[in-house]
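*Asks:* Line order of the protein sequences matches chains A and B. Under numbering that gives the first Met the number 0, the first residue of the first sequence is numbered 0, with each subsequent residue one higher. Under numbering that gives the first Met the number 0, the first residue of the second sequence is numbered 0, with each subsequent residue one higher.
Check before you lean on any hint, since a few could be wrong.
[Said to hold, decoys possible] Simulated restraints on C-beta separations:
#	chain 1	residue 1	chain 2	residue 2	range
1	A	Phe-92	B	Gln-442	44 to 54 Å
2	B	Asp-107	A	Pro-233	31 to 41 Å
3	A	Phe-91	B	Ser-236	17 to 27 Å
4	A	Phe-91	B	Glu-158	19 to 29 Å
[To be verified] Here are a few chain B residues that face chain A, going by a calculated C-beta distance under 10 Å:
#	residue
5	Glu-146
6	His-160
7	Asn-165
8	Ser-166
9	Leu-176
10	Asp-178
These are calculated hints, taken from the structure and not from any lab test. Each residue gets a CB set at the ideal place from its N, CA and C atoms; glycine is no exception.
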Amino acid sequence: MPSATLAPTKSVATPYSDAEIRKRIEACPKLASLGSVNRALGDLVRSDQSLNSQIAEVIRRDPSLSARLLRMVNSVYYGLSTRVNSIEEAVFFLGLRQIRELSMATPVLEEADRLQKRTAAALPWKELWSHSIATAILTREILASTSFQVDDDTDYLVGLLHNVGKVVMASAFPDELRTLMQTTAASPTEFCERERELIGWDHGQIGACYLARHQLAEEIVLAVAHHNQPDQSPRHQNFAAAVQIADHIVRHSGISGGFEQVTAVAADAWLELPGWKILYGSDNAESMLARASVANTLQRLPSMLQGLL
Amino acid sequence: MSAALSGVLPATDTKALFEGWLGSWDKSADAAYCRDLQGRILTANVAFARKFGLPAASIRETPIADLIHTDDFAGVQQATADLMRPPHRRSAEQRWVTPQGIRWFAWDEVAVRDETGTIAAIRAVGRDITRQRLAEEQYFRLSRAVEQSPVSIIITDLEGHAQYVNSKFTAITGHTLEDIIDRRIEVLRAGHANEASYRSLLETVRAGTEWRGELCTTRADGMMVWEAVKVSCLRNSTGETTNLLCLREDVTERKRLEHELRQAQKMESLGTLAGGIAHDFNNLLAIINGYAEFCEQSLHEPAVLRKSLREIHNAAQRAGSLVRQILTFSRKTEVRFSPVDFNQLIRDLMRMFAETFPRNIAVTLDLQEKLPALLGDQSQLQQILMNLCVNARDAMPEGGVLTLSTHVVAGATLRHLGAQEGQNYVALSVRDTGIGMNTEVRQRIFEPFFTTKAGNQGTGLGLAVVYGIVVAHRGHIDVESAPDEGSTFSVYLPLTESAPVTVPPSSIGGVAGGTESILIVDDEEPIRLLLANALSQRGYQTASASTGLEAISLISDPSRHFDAMLLDLNMPGATGVEVLRAMRICCPSLRVIVISGHLTPEATDEFTQFGPRVFMQKPFKLEAVARQLRTLLDTPAE
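So that you can see chain B by itself, here it is in the shape it has in the complex:
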């Protein structure tokens, strides 16, 4: 009790006075008490007393230091000082020690004046807020987890408008929430190649399923990054979808390593074929050399000459196709999904296997005709075939039969592999009659670096890479095998709904000729003559140029007219590119077939800027050139 007050009034009166200070709070459901400036309780209401399990009368004179949590007591002293200054009002949250344990209270405190107008006490009215306080702490803990997550997190409304982005997102993209709102950035669209892809995301997620994908986006510093993206919906307590949640994780490094691994493994499997290839190549060279000698000796026997030349031609064709196969396979390519005719892929590779596999292995094909196209990366699918076939070969050291088959299966029959029910799959089976595997081996074959091959014959990456590619194509793989009964690997790849790959019309029958005027540009005379002869035979008018400069002067001569030009890329002096540049100025309507020994992607890019062109790879078949030329001339002008 304040000394000043007790001197003035008898005890009963002071009690009434203090209760007066409590005012109408006396009967309140909220806890209320008055304390003097030294922090002793003067009076308290029933709600307060009940909270602390004490009769209201016995609370008087209790120092609040006994009731308040020690950590919060310093704040109380500060509060008393604050209340001496206007506006004499303050709120505070403190922990109090009650019989139920430590509870949080929120207090509104005001200074109370005695009849002389000096501040004599403090009245505090408050309530137990422990539950809110715990909820808040839980809220802050969860929000910090989202905030500091190492993964970019975005929360949007159902239309895809951002409502929250965490700091990782801002660090990667450089966009703050304010930027996104200001510039109306559609955060979920980033990385989607087209509208259809974005719409399919929204539809998938709104239907309640999770969307996953890998998207390529540009970072704030301009670097391209690959991100694994997951979008799902957030539901409220009644199960309604209220928001979309998007998680994006940078997987650029993983992607790069995967790519390198695939390339390395490809080289490795090519290496195992190299021995066979060298052997084969030498055979072909021997044939060519032999028949060439024959020709020299039989200059006056046309029948022998013709036969020898045909043999040379055949051998050169085979060598050419072999080189093309190896180049196609070893080329380091960007991953590009496009419709692929799987049967064609198998037939192409079989040609190489026929040249390089031991003769005691017979290869048979059982391909379903009119197989629908599937969406995939051609070079990776080749790698699947290559690895499975090389494994089959190695499983048959004594020889045997390698069977490749394709057919379409419904997803419903592949449920044990986790296939989607409504989806059709192309099944590729590679069956050998080799040594087979026991269960232990079969369980581990897809592990990287697991190999049964001795010494330095394999790295154990082949099937791991196959597995990786199959998964990247959203496909499935299955294997059946038993010791001495051979193995069957089955790969299932989802079919797209697109039409079957259009096969170019076959070369059965002669190719139509024409009477148009054709300019042939090539620095090698034999090729020039060859083309000129072949085309004149089909009725075309031909003219030729041996350098780029000559070609430019011919096409820019207004007295000459050409319908089409066959253009070699690599020439001394003015190159093919320069001819094209000049052509665009003086006769842009001239149709062009570009012919080159080695077409790099850079060169192709350089050309396409001059408009779409027809490309042909050297060595070419005269018939193929004639057919391309006819097609080109028959294409209506743009």
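Pulled out of the complex, with its shape left as it was, chain A reads as follows:
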């Protein structure tokens, strides 16, 4: 649907108040996961031979499971010691039984779609998931190419969770999400504006609010909130910047988020992003190196994603 015809609707719709948005996010039930991922996790935790690292590997494929796991471990350890930002550590701290319970209590997206008659067509969850995982892998590679050292999963998690707001929107603002999915935009940043016009907050803010409520680390919360405007993040701009670049590269390689119609990203368009400047500055040599590394990763991306979902 062309955006022009939607313009009047948008101007009529009044965005929600902050309080109302918060209330809806609070009321958001357990985030659902892809059936295939949850089945794989279920198989693993039923066997006593599984290693924490294998379990963590499967959970890393799922933004919902990762968010729920982290919020559980951080609620439990909240205020006592440091935040847990590593999936494998979370699995270790909580123990196998909690993971088994987590997997048993996981609503499955495909089933939720079938039950929800209001949604005419099933939401393209699988695309959203592929996009999240690809962004996560790329974010990690991008940060590894800088001098910035990360020794837990934060670099991966910011990429994986950057679109968790869309999963929250599916249950907190289903009608608006449907309207948005038919909206077109020239860039991710522009799409965020559409979201703010319709709801009041964009998916970054919604996701960040959800994660902050559950005591996730500030680095993750800020990166998710500002992944489309990394230069506006008050702290930890590296993470948001890396997510922005990763997001664009993934889009360029044809893995769009699935939940919106944004014009495809042209090659090297990321060189103009605020995120690129934050990470590599205007130093040409470093920028060149980074470009080479990105080109390298871009080639490997499809094979890395294969068989994950």
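The hints should help you fit chain B onto chain A, whose structure is shown.
*Replies:* This is chain B only, laid out in the frame that chain A set:
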């Protein structure tokens, strides 16, 4: 040594080459070695050699199969295959055989390429992690013990937010840790009747003492369960309290058995009294019959009539109180703790004992006046008294004196029994002048099924039940006895801080009357007339209805006005409940006294839903009715 390499380079050069592969790890404190693809050691650093007690040079060519634990060797071969694939990097934990015994090592392994770019060797850098490994095993063993415990275990922070629940807890409550966090369930609060009880738990535990209690909670499947709950604090190595630990054990079955045992024993002790009761009842019936005949014969002598009727009235009163006593005692009641006036309890029971105990036993009371109320279950406390008194009776087959006394004692004087120092106790002593006990018997009297009574006279449960009840009330029991010197049982029950039980004003002096208009509803004409007469004498206006329907039509008639209604429960046609229902619609402000021969808890429940009501049990005293009525009418409207 790899055949390909040895063909190309002289031995000294290969040594230098391999050492080059070790790179800067050569001088590292971590152990490092290179092995070829067949698993032979090419070179190793000093740290590695020292670990295995060998000079670095002699290690070359040693197959690692000789050094590695046989169980872990298969993993090494798999690792070599893995390292051939990208990212050519891998970590592993293995047991190695060293002169110090079997040690755990954690290795980071990478593939090493020769100058032609083909993978020629594997470099492993690692360290001894035996200590961590043992600590981990200990950790897992302890965590499995908690995890698989048959008791529910909960660990919370100091605010009571759950941090861990074991699988038993999840199985019983249906709540997983995620649920608890999601829905912000306060796991320690479950089963606490009120905020005060929960707060006292938190205060007790934060003060560093253990909290114990029995709480009733609802299981996931909706069943009510009794749980014995213990909450204590967990301290870290510096002694700070960091967490609360809560253990909950299902004791529903034990509770049920205890309850059944108490009920059975109660029936048993009642049985031993039954003979006396039947005898007594027959006496009363004889009195009633006799005087009734007297009346028939003396119809024209008012003085004789009046005297006879008074005797009949007295006998009927005594029979009534006897029946009430037995009913109160035998009724199967829910355990309910409420303030109890112990002296009153003793006086009530004494009335029954006076009727049923042999005449050669004198009962004397020595009760401390204004005894503070104690928190307890009335029916269980009755059972204590009953059992101790029946035992005293049986200890005095030749007769004697039974003395009951009450007084308040400070916990400090009862330290030998384990009493709490700052706590005051009510002491109840039951003293007999009977045969007494020797030490052997005295030591065993609280054991279930221990009895000195012959044949089928007792089951040996009486004192065991007394003991159980005393413990349930957090009290203590003590006994002094010697052969032929009688026995004294002393029960100490902790006092609550509440005010003394308010005794209803005594019936000394006449009861005030009134001029209000009263409706009397009862299907039995004699009772209706009796009440109407008694109330008119005190100045009230009365009207009466013989059925529920009649009562409904009277109260719904707008031209009539009543201030209060005396309502019988069991009537043919519309019952008392239906009258109340109609009343709620047409004149909700009407005050009501409900009168019934037998008030079941179900009926009471049914009534209280119509608002609070005054209940009176049949048979009643006219004076009591008048007093209740006055009180009711004087209560300000809600």
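*Asks:* Take the hints in turn and mark each one as holding or not.
*Replies:* These are the hints, each one checked on the structure:
The given range of 44 to 54 Å is respected by Phe-92 (chain A) and Gln-442 (chain B), whose C-beta atoms sit roughly 53 Å from each other. For Asp-107 (chain B) and Pro-233 (chain A), the Cβ-Cβ distance of about 38 Å falls inside the hinted range of 31 to 41 Å, so the restraint holds. Between Phe-91 (chain A) and Ser-236 (chain B) the CB atoms are about 21 Å apart, so this pair conforms to the stated range of 17 to 27 Å. The hinted range of 19 to 29 Å is satisfied by Phe-91 (chain A) and Glu-158 (chain B), whose Cβ atoms lie roughly 25 Å apart.
Annotation: interface hint on Glu-146 (chain B) holds; nearest CB of chain A at approximately 6 Å, less than 10 Å. Hint status for His-160 (chain B) relative to chain A: holds, with the closest Cβ pair at about 8 Å, below 10 Å. Here the hint on Asn-165 (chain B) is kept, as its CB sits about 8 Å from the closest CB of chain A, short of 10 Å. Hint status for Ser-166 (chain B): holds, given a least beta-carbon distance of 6 Å to chain A, under 10 Å.
With a least beta-carbon distance of about 6 Å to chain A, the hint placing Leu-176 (chain B) at the interface is held under the 10 Å criterion. The criterion of a C-beta within 10 Å of any C-beta in chain A is met by Asp-178 (chain B), whose closest approach is roughly 8 Å, and the hint holds.
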